[in-house]
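First residue of the sequence shown? That's 1 in the working numbering, and the numbers climb one at a time after it.
Rather than coming from a laboratory, the hints here were simulated on the basis of the structure.
Ideal Cβ placement from N, Cα and C applies to all residues, glycine included.
One or more of the hints may lead you astray.
Ranges between beta-carbon positions, derived for each pair [claimed, not checked]:
id, residue 1, residue 2, range
1, 47, 5, 38 to 48 Å
2, 109, 25, 29 to 39 Å
3, 10, 75, 15 to 25 Å
4, 116, 42, 20 to 30 Å
5, 7, 29, 22 to 32 Å
6, 47, 129, 21 to 31 Å
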Amino acid sequence: MPQPASPVVRTGVDIVAVARVARLASEDARVLDEVFTPGELEYCRRRPRSYDHMAVRFAAKEAVLKAFGTGIGRRMRWTDVEIVKERSGRPSVRLHGEVALWAARSGLAGVDVSLSHSEGFAVAQAVSVWEQPAEDGDALPSD
Numbered sequence: 001m002p003q004p005a006s007p008v009v010r011t012g013v014d015i016v017a018v019a020r021v022a023r024l025a026s027e028d029a030r031v032l033d034e035v036f037t038p039g040e041l042e043y044c045r046r047r048p049r050s051y052d053h054m055a056v057r058f059a060a061k062e063a064v065l066k067a068f069g070t071g072i073g074r075r076m077r078w079t080d081v082e083i084v085k086e087r088s089g090r091p092s093v094r095l096h097g098e099v100a101l102w103a104a105r106s107g108l109a110g111v112d113v114s115l116s117h118s119e120g121f122a123v124a125q126a127v128s129v130w131e132q133p134a135e136d137g138d139a140l141p142s143d
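When you get a sec, could you build the whole thing from the sequences and use the hints?
Structure (structure tokens):
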């Protein structure tokens, strides 16, 4: 009898300069709506040093995609990966749209994320667990 396949674990990490996010927002505030969900923006704007919180969420979105091994597909939107704060204060990931569909088809069992920001930088690490191996180079669908 064949043995069940072991889960596949992938990691991703990203670091972002807080000043870069602040500069992008000051040059064109509409970019914030393209990158962050309304809930993410509401949370960040309520916090002191709101750009630190935006930068760490941007880093988390990048880290999640790296942990997925996909990169950004043309039909993917930044808001398809949402970073939310649980009641406990722990960050978690919610997937929407094309990213959620792709993850379900590809066997995603779970994704976890850790965030930190200090001294003008934001860093995030994501770990994804797959019930079945996602094919190497299996990108998010494009048009």
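Hint numbers not upheld by this structure, sorted from lowest to highest: 5
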